[in-house]
Structure formats: structure tokens, C-alpha cells
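Undergrad: Now for the letters of each chain:
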Amino acid sequence: MLPIIEVRDLSKTYASGVQALAGVTFGIREGEILALLGPNGAGKTTFISILCGLVTPSGGRALVGGHDIVRDYRAARALIGLVPQEIAVEPFERVMDTLRFSRGLFGRRPDDVHLERVLRSLALWDKRDARLNELSGGMKRRVLIGKALSHGPRILFLDEPTAGVDVTLRREMWAVVRELRASGVTIILTTHYLEEAEEMADRIGIIDRGRLLLLEDTPKLMREFGRKRLTVELAEPLAALPAGLAQDGLALSPDGGHVSYDYDTRADRSGIARLLAGFAAAGIAVRDLETEQSSLEEVFLRLVEEAR
Amino acid sequence: MNWQAVRTIFRHEMARFWRTPWESLASPVVSTVLYFVVFGAAIGGRIQDVEGVSYGAFIVPGLIMLTVLQQSLSNASFGIFFPKFAGTIYEILAAPVSFVEVVMGYVGAAALKSVIIAAVIYLTALFFVDLPIAHPLWAAAFLILTAFGFSLMGFLMGIWAKDWQQLQFVPLMVITPLVFLGGAFYSASMLPPFWEAVAHLNPVLYLVSGFRWAFFGQADVPVAASLAALAIFLGLGLAAAWAIFRTGWRLRA
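Residue numbers (my numbering), protein chains in the order written: chain A, 1 to 308; chain B, 1001 to 1253.
Don't read these hints as lab results, they were simulated from the structure. Careful: at least some of the hints might be erroneous.
Unchecked claim - Just a few of them, taken from the derived set where beta-carbon distance is under 10 Å, the chain A residues facing chain B:
id	residue
1	R74
2	S102
3	G104
C-beta: ideal position from N, C-alpha, C; glycine also.
Whenever a hint applies, use it, and build me the whole structure from the sequences.
TA: Here it is, written out as C-alpha cells:
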């Protein structure tokens, strides 16, 4: 399948001399949820801003739905909806009016039926006549999503949609995003919450210092880059590990009742079989085994550190 | 052309105007009445006719110009500055619209507001003085083109301004003195020769003079010079808008 967004060697150096993007090349598939992860100042927002037309690229190209974002900006932008990081609304405007305004800017004819559908899906329909300054922060954020969806985009950019949002609302937001994906919208979100990326995204891209360090299917990423920990519960506590067994990643718990073993799922041999054979040879009885996958957070920190 | 977007911006701006009718319309009317009381009744009673026109009537074109210049600048600059200030400008930048369409929406609305206010001031003035218009079409042309020219400048100021102080600076510190010294309340010919020569360096004098000519058939400077001044104002505004369009200055990083 052709990617709906294709970027080649995209770079941005601001007038201040700060290089926010240092040549990024990749494609985004139609209908996927892609999460972009990275520390503050990694270049995530710059990347989104270039594709949406807020920032002019310094180099490289980007195609949205096959349209060059600079030369053919009208066709490219018509496909995109943007939910910015900061909550910015005109305070005295009413909810329905602000959606009508957004739709009009995109050159679309008024269609209140569509806007009603959007507002209902965001649980905002009974707030349609409320002024924006009367709404809570969470509602304002949903209004921004509504504005971004008012013209029926095929691609939605969500720049940190759940920053500073409480747990309930975050879950709600995830549900909205999943629904959108189900309707065929391609979603690109940036986030600081690794849990969010792991939970939501089909693919995860990790950006640091303006470079794309990695782009991988989420489960594959977890599998390939994840470290696992095997915890062995012993039938009898040990005072110390037998000398013959000692190896990297192996540790005895302070009470002597458990042995933990960290291993890399990328390695050819996990060393588990050898370990268990060693236990048997030393006459150590095993009561139970448990494995635990490391979180994306650890994967992320490791990758960023390795790249530096 | 994305006409739908032009219409959308235009309507959005006009909605703001009608949302606060008191500030939008009543305040220019009140200040006009005040000018009439002070200049027309209190001072004007002691001033003889100026070039055959009663002083009360004589000041009306200047008064309208003063208001049109100020309102065009402040309405258009506020219109684009506020989204910049509130952060909602992202929507305009991310929309499939060209700079020309954005300018048409904002400047068109600001100019129309100024023309509406000018009409209201004219109607208010009719309560005080007799005010026939010698060349109605020319009066309309001067009015509309001036409103457009200064709305365009206001729009550019709104893009230039980084804070509220800068936004206030040009209308207060530049336009008000230029209008007062531009013969809004007197004929430049009433000045001593040296100051009359200085007054002719003031671009606003040409606009006021041309507009007054359309009312009374008399002018401080030839009408052609007024038209040239108007063309220069419009041309400068369009050139600056074009430069911003090409570079994305202060809008796109």
C-alpha cells in the first residue's frame, strides 16, 4: 500500500540557528495510528508543524496524499486536521460557530449534519451553544478535536492530546481516537506518555535531536527491544548462588527465596535453558517461574541513550 | 480561489462587529457629537465660514476621515493580532488558503466596518448641519479606497505587532497627529505660508482635501494630487502585503 504521507530528508533549522529536524525520511501508512515519541525539543512538534503548514521546511520534501506540501499546499492541507498542543480558542465564540468557522476555512460548504455528528461523537452536542470560555479544559480540548474534524480530514495530527489531562479523560480521548481509526482516519500523535503509545499505536517512531532513531510496529518493537526478566521461585531459600551458576543478569533476592534473571530477547540464546539445567545439576528445586516484559519506557530510554 | 474561506473570515469578523454594537457604532457617534459640541457650537460660532462653507459643515469630511483612518487601522490590526495573541492563528496557517484570501477576508471586513461607521457619522452630522454632497460618487470612491488602504495597513500592523503596546502605537502616535495636522479641522490655506508648506508634506492632508472636495467642490490641493496620494497608500500597502506573502514574515517560522 502506498504511504499517505511520505517525507524525504525533511529538515528544519530555525532563524535562531536551532536545528529542530536533521533530515527525516519515512512513510506513514493510510489508516494507521502512528505515535511519535521523544524528549522535549526532539523535533516532534516541528515535524507536525511542517506537514500542516505552520512552519516552512529548510530542506527535503514531504508529500501528503501524493501532494507536495509546499507546491500543492491546498490539496495537501485539505486532507489534514490538526489538534495543536496548546489549547487555543477564541473565548467568546460559541462551540457550533467555531466548528462552522473551521469548516469554512477549509473551503467546505456548511454542513450542520456533519458537525452534529462530530459534536455527538465528542460528547459535546449539548454544549453546542456554550461559549468557549465557559468550558472546562478537557472540553476545550475536545472542541479542538471537533474543529480539526469539521472538514472531514483523512489524516489527523494530535500533538500531545493528553498532556495535562486526567486519567478518565485520557481514557475517553483514547476511545475517540480508536473510533476515528475505525472510520479509516490516519492518526499521527505525539506523546510523552509511553503507556499511551504502547496502548494506542500500531507503530511507534522514536525521535531525538531531530533524527528518527527507530520506526517499528508496536508489538515487534516490544518484542525485539524489550528485555525480559525471569523470576524463579525456589522451593528452599539459598544463602548464596552456587559459584558455577553465577553469570551476568543473575541475582538472588535478599531473603534468598527468589532468583531473578534479566535477558535480552534479541540475543540468539536467552540462556534460560542453561540456567535451569544448572539449577537441576546443583540440586536446587524450583517451585515456580514467572517472566516479565520491560516497559516501553525502558526501551525508549535505552535507545535514546545509545544514540547519544 | 477558496471563496468559501474568504466568506468565512469576512463573516467571522463582521460577527464580532455586530456582537458589540455599542462599542462598534455608538462610540464613534458619541465622539462625533462631542466634536460638534466643542468645535461646531462652542468654537465654530466664533469662526467665520471657511471658503463659503459653515465651519460646522466644513469639519465633517475631516471628522469622517479621522474616524475612518483610526477605525480601519484598529479594526484590521485587532482582527489579525487577536488570533496571534490567542494562538488560534494556527488554524488559518494550516488551512488551504492563500495569503491573498486571508487578506481579502480580514481587510474587506475591516473596510466595510469603517464605511458603515462613516455613514453613521454622516447621518449624525445631518442632525446638526446642512450637508449636501457635490460629487457623491467621488465621495464614495475616496471613502471606500481610503478604508481599504488603511485597513490593509492596519492588517500589516497587526502582523508586525508583538504586543498590545505596539498595536496601539501607530494609531495613537502617528495617525492622530497626522490627521489633526492634516487639515481635518481647518483649511491648510488658513496656516502661515511656512506651515502651509509643511502641511503639504503630510500625506493625510491629501486624503482629507480630496474627500472635502467631493463634498464642497473646494480643495487645498488639486484633486489629482489627492488621487495620487491614495494610489500611493494603496500601492504601499499592497507591496508590503505581497512581501509578507512571499516570506511568511512573522507568521510562519
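Undergrad: Would you mind marking each hint as holding or not holding in the structure?
TA: Verification of the hints:
1. R74: holds (4 Å)
2. S102: Nearest chain B Cβ about 6 Å off; hint holds.
3. G104: holds (3 Å)
Violated hints: none; the structure is consistent with every hint.
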